[in-house]
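Could you slot chain W onto chain Y? The hints should help.
As given, the protein sequences belong to chains Y and W, one line each in that order. If you want our numbering, it's the 1-based position in the first sequence plus 296. If you want our numbering, it's the 1-based position in the second sequence plus 305.
These aren't lab readings, by the way, just hints derived from the structure by calculation. Treat the hints with care, as some may be off.
Simulated coverage check for chain Y against chain W, where a stretch passes if three residues somewhere in it have a Cβ under 8 angstroms from a Cβ of chain W [stated by the list, open to error]:
#1 341–349
#2 388–402
Listed below are the simulated DSS-like cross-link pairs for lysine-lysine, each with C-alpha atoms no more than 27 angstroms apart in a straight line [unchecked claim]:
#3 Y/K357 <-> W/K314
#4 W/K345 <-> W/K358
#5 W/K327 <-> Y/K408
#6 W/K341 <-> W/K358
#7 Y/K345 <-> W/K324
#8 W/K323 <-> Y/K345
Glycine is no exception: its CB is placed at the ideal position from the N, C-alpha and C atoms.
Listed here are the chains, written in short residue letters.
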Amino acid sequence: AQSVTQPDIHITVSEGASLELRCNYSYGATPYLFWYVQSPGQGLQLLLKYFSGDTLVQGIKGFEAEFKRSQSSFNLRKPSVHWSDAAEYFCAVGAPASGTYKYIFGTGTRLKVLA
Amino acid sequence: DTEVTQTPKHLVMGMTNKKSLKCEQHMGHRAMYWYKQKAKKPPELMFVYSYEKLSINESVPSRFSPECPNSSLLNLHLHALQPEDSALYLCASSQGTGQQGYEQFFGPGTRLTVL
Chain Y
297 AQSVTQPDIH ITVSEGASLE LRCNYSYGAT PYLFWYVQSP GQGLQLLLKY FSGDTLVQGI
357 KGFEAEFKRS QSSFNLRKPS VHWSDAAEYF CAVGAPASGT YKYIFGTGTR LKVLA
Chain W
306 DTEVTQTPKH LVMGMTNKKS LKCEQHMGHR AMYWYKQKAK KPPELMFVYS YEKLSINESV
366 PSRFSPECPN SSLLNLHLHA LQPEDSALYL CASSQGTGQQ GYEQFFGPGT RLTVL
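Looking at chain W on its own, in the form it has when it is part of the complex:
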């Protein structure tokens, strides 16, 4: 299985809602990533988990809260978002070590709309 899955595919939420995005991989990868991508822009790194520990937080606002319950699963909890947070949220994974650790496998993304 060389796939990264993300649910839901689409999400519409109000500014007072709490919701979560889910990402799963079964490739035995030990690093997992969250990206935010606005239209016509490259993905912007938000968080990196390595061996289930948060390694990188790219100064992301606290209304985004990542969680890595186990090595296969990555969540992104959303609370009190702003309309400017509307974007495509991408999850990726990599082996996490060695040369192959550089290569990331991306999921299809969750299209988030904040009203």
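Extracted from the complex, chain Y is given alone in its bound form:
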């Protein structure tokens, strides 16, 4: 079955510290992978995406993610976290469905940043 797992429900880091958010997927074909960020009461903003090619993907706001097929993972990283990064982060895999496409979302990781 297709699924996305984000093992960490909550993560707390100090401002300026590095960050890694984990995402594991189960998908039969080549996955198309996405990371989104959501501030409270807002829509989802795309941070980065992976379709093919270079397995290290650069995104907005200083985020990057690495696709590791052997580990079925697509972890999100940032070298130095800012207080404004506090938000909910969702990993998703895109899948074809009924002639169109849909996302399979992970359950999300809530990031708290300490000053």
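Just chain W now, kept in the frame of chain Y:
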């Protein structure tokens, strides 16, 4: 224009009211989505329209009625809702074809409260 707009931003309605949510995009996208999101949960897919035809209905109760009048506009008609339908309703769009069709662009959402 790379924006998905949603109106209204907030909506409070009684259980006997009829109301509508509106979503608009001018990116030439041919797939549009409605999601429901409860607090601290990932978005749940409700409906997908592809080329103005309903492609996916994720077993949504009939008190929610989607409509796609044209390729830029998506409505969600609400009637006889229950308090448990209170949530953030998100609209998204995608190109609808090819690899880029997997990537969804989200609107800011409508916060719905059912009294």
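Hints, one by one, checked against the model:
Evaluation of the coverage hint for the region 341–349 of chain Y: fulfilled, as 4 residues show C-beta separations to chain W shorter than 8 angstroms, against a requirement of three. As drawn, the region 388–402 of chain Y meets chain W at 10 residues by the rule of a beta-carbon pair under 8 angstroms; at three or more, the given contact holds. Only pairs whose Cα atoms come within 27 angstroms are accepted, and Y/K357 paired with W/K314 is accepted, the gap being roughly 26 angstroms. Distance restraint check for W/K345 and W/K358: the Cα-Cα separation of roughly 31 angstroms exceeds the 27 angstroms cut-off, and the hinted pair is therefore not satisfied.
Of the supplied pair hints, the one linking W/K327 and Y/K408 is violated, its CA atoms being roughly 33 angstroms apart against a limit of 27 angstroms. For the proposed pair W/K341 and W/K358, the alpha carbon gap of about 20 angstroms is at most 27 angstroms, so the pair holds. Restraint check: the Cα-Cα separation between Y/K345 and W/K324 comes to about 36 angstroms, which exceeds 27 angstroms; the hinted pair is violated. The straight-line distance between the Cα atoms of W/K323 and Y/K345 is roughly 38 angstroms, outside the 27 angstroms bound, and the hint therefore fails.
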